[in-house]
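Chemist: The chain contents come next:
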Amino acid sequence: MSTTTTSLPAKATSQWDVQLHDPLHRAPLVLGDHDLTTVTDLVTGLALRPTPRMWYVAFTISLAMLSMLVVTIGYLFLTGVGVWGNNNTVGWGFDIINFVFWVGIGHAGTLISAILFLLRQNWRTGINRFAEAMTIFAVCCAAIFPGIHVGRVWLVLWLAPYPTELAMWPNARSPLFWDVFAVGTYATVSLLFWYMGMVPDLATLRDRAKTRLAQMLYGFFALGWNGSSRNWLRFEKAYLLLAALATPLVLSVHSVVSFDFATSQIPGWHTTIFPPYFVAGAVFGGFAMVLVLAIPAREWFGLQDLITHRHIENMSRIMLGTGLIVGYAYATEFFMAWYSQHHYEQFVFLNRPFGPYAWAFWTMVSCNIAAPQLLWFRAIRKRVWVVFAIAVLVNVGMWFERFVIIVTSLHHDFLPSSWAMFTPTWVDLAMFVGSFGLFFTLFLLFCRFLPMVAMAEVKTVMPQAHGHETPVRFDYQPSPDTPHQLRRGHWFT
Amino acid sequence: MAIDLNACIGCAGCVVACQAENNIPVVGKSNVANSREMHWLRIDRYFKGPVGEPDVVHVPVACVHCENAPCEQVCPVAATVHDTEGLNGMVYNRCIGTRYCSNNCPYKVRRFNYFDYHAADPRAPARPWIGIPDQQQAAEVSPLQQLLFNPEVSVRMRGVMEKCTYCVQRIAAARIQARNEFSQGIRETDQVAEGEVQTACQQACPTRAITFGDLNDSGSQVSADRASPRNYAMLEELNLGPRTTWLAKIRNR
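Protein sequence lines, in the order shown, are assigned to chains A and B.
Numbers given in this note's numbering equal positions in the first sequence, counted from 1, plus 9.
Numbers given in this note's numbering equal positions in the second sequence, counted from 1, plus 503.
Isolated chain A (complex conformation) (with noise of 0.2 Å):
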């Protein structure tokens, strides 16, 4: 251990030694000249300060948006899924592609919230509230879809199991009444995991606000939360086990959607690989969306102290490798059709490349598997503004990799006689625009209102939690006297 720590460059020299496997010389967690009280200051500073202009110019478009979902959902209704392009051999559309893209964009949030807290992964302290408010309201985008996509949607409860004078239950053997319930519990235990990590930061935000309004609301919110050692030791243990609750529900959301379609059986669809293929990819547009987000978000609420370029350059990493698995997923699955023998899942992955939706095929393998791989290169990493335009392009990939799966599989199945188009119409085009409405609505509120980032979290990760004055000098060589624990956690435990 020591000979590797000896073998390495003596000292960080920026904030872009992330590669080293010493953690002694990665770079900080929070740069800047930050102690505990400046941190504080700079997150409450944004909740309670007053509203800035630019906000109100931002929630008014996304307000108009989710004001054309809101209008578009109501024509829907009173007329029929008929507004949709939808037809006989091409069963769901939009309706259900935007399902499985927010949904996925939903997974980000709590792996990094429980999975990278399990694994000790410190630096998700910075983004992580951002990212599990991400997941909450792509759940909520993602759970609208699914609700309206029926053709009598007055009769939607009916997916839900509860006794009823008709003696009837749901059929257990049917996906999507199994996505019921791993949608179901997904939302609830992230909603439960985003507010309880909030707490503290919510009593923080109660103790400095300033109207009495404020404070009732934050107080409401913060649960009595007074700070002694006993609330803490009852916090962590809490947030340890539903840290360990969520961590299954990552992996089995997504693998649960995937068997929407891999338990059917049409050419494309069938697919044993879908629930790890799926997973990667969520993950994969999960972190896409959490680095469009955070890259603007940094810049305008000034927080480069916090979210730092090793945050970006990490999510960069994760990005590449789900990245790289779902290329892996891709070729896999030419390579099933082929060695399989199998005429029909032939043909549907001929039509894919090929076929007359061949253009959205090669969008999805441009934006998801082409364009990622220039985050192999440092010098790309390091332009925060070409990882914000990659993020953006895999966003549009991983919904064109819905599309693909969902519209390219149907539209050309087993009868000839059956194959069609699928054209969207204004109605599936202004749902889409508008669900991110929803997102974008949502999340600004979350900007305004809430601890954006998981102050308490990250006052643990700073030298000073550590019983440091001031932060440990980047030049700090360890004696080969030093302890092992210390050289190895000095930054971090």
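Treat each hint with caution, since some may be false.
What the hints assert, rightly or not - Part of the chain A face toward chain B, derived, beta carbon under 8 Å:
1) N96
2) N180
3) L185
4) L260
5) L419
Claimed, not checked - Computed footprint of chain B on chain A, listed as stretches where at least three residues anywhere in the stretch have a Cβ under 8 Å from a Cβ of chain B:
6) 156-163
7) 215-229
As the list claims (entries may be wrong) - To list a few chain B residues with every Cβ distance to chain A over 12 Å, as calculated:
8) Q522
9) E691
10) P732
Hints listed in this document are in silico derivations from the structure and should not be mistaken for laboratory results.
Every residue, glycine too, gets a C-beta built ideally from N, C-alpha and C.
Using the hints provided, position chain B relative to the given structure of chain A.
Modeler: For chain B alone, coordinates are given in the frame of chain A:
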């Protein structure tokens, strides 16, 4: 059901008969252009040979009532289920319209009511302040138009999936009559006899290409057709156990 492709001339009489019998809506040009036609029974055509002078095979295709039906296991509300006679039943008033059954049907014979096709203006918004949409249809359809409907068959509203029922209303009528006559001592068994049920498509077929009957009755015509060396099941490799099979077309040349 067995359909003899040697006999079928592709006249589409069965399609029209089915439409009349089962209150199948006419959806209009724009919806047909978007593959939303509602025909429960369609004629697939396969061409072979030179473009100007091809050999054509006409294949009437409706729901084949799979023994191992892929539509049934995916419906979240159990709106499509098997009945005791082996039919793959469609329970309209349980259906909420997820369209998952249609996606998973390899024959693509399921039809979805994207609009309230029987209403005077299918694309007009419903009037939610009058009542729940389930009860509005009667008000929407003119009394004259209501005379067109077969009273034995449910008129489906928007948002509901439908498909070939093997004319379940005719089966039910024959079953009820058989039971009544059995209870009155008129007949010796309560079983429906061969030939007592004719589906609408079968009845209309000018070449008698369609045979319908009880597969459990080894003496029935449909059982005899099934035993024919020309008998085949469409997409047999999917192992769905279709109850409609076809008798392959043979050409003399």
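Chemist: Going by Cβ atoms, does P732(B) stay more than 12 Å from chain A at every point?
Modeler: holds, 24 Å
Chemist: When I compare C-beta atoms, does the region 215-229 of chain A have three or more residues closer than 8 Å to chain B?
Modeler: Our answer is that it is violated, as 0 residues pass the Cβ test (under 8 Å) against chain B, missing three.
Chemist: Please verify that the nearest CB of chain A lies beyond 12 Å from E691(B)'s CB.
Modeler: At about 37 Å from chain A, E691(B) clears the 12 Å cut-off, so the statement holds.
Chemist: Measuring Cβ to Cβ, find out whether Q522(B) lies farther than 12 Å from everything in chain A.
Modeler: Given a closest Cβ separation of 16 Å, the condition holds.
Chemist: Is the interface hint for L419(A) satisfied, with its Cβ closer than 8 Å to some Cβ of chain B?
Modeler: holds, 6 Å
Chemist: May I ask you to test the interface hint for N96(A) with respect to chain B, counting a Cβ-Cβ separation under 8 Å as satisfied?
Modeler: holds, 4 Å
Chemist: Closer than 8 Å between Cβ atoms is the bar; does L260(A) clear it against chain B? Give me holds or violated.
Modeler: violated, 23 Å
Chemist: Using 8 Å as the Cβ threshold, decide whether L185(A) counts as touching chain B.
Modeler: Holds, about 4 Å.
Chemist: Has the region 156-163 of chain A got at least three residues whose CB is nearer than 8 Å to a CB belonging to chain B?
Modeler: Our answer is that it holds, as 6 residues pass the Cβ test (under 8 Å) against chain B, meeting three.
Chemist: Quick one, is the N180(A) hint okay against chain B at 8 Å, beta carbons?
Modeler: Holds: closest Cβ of chain B sits about 4 Å from N180(A), inside 8 Å.
Comparing the model with each numbered hint stated earlier shows that hints 4, 7 do not hold.
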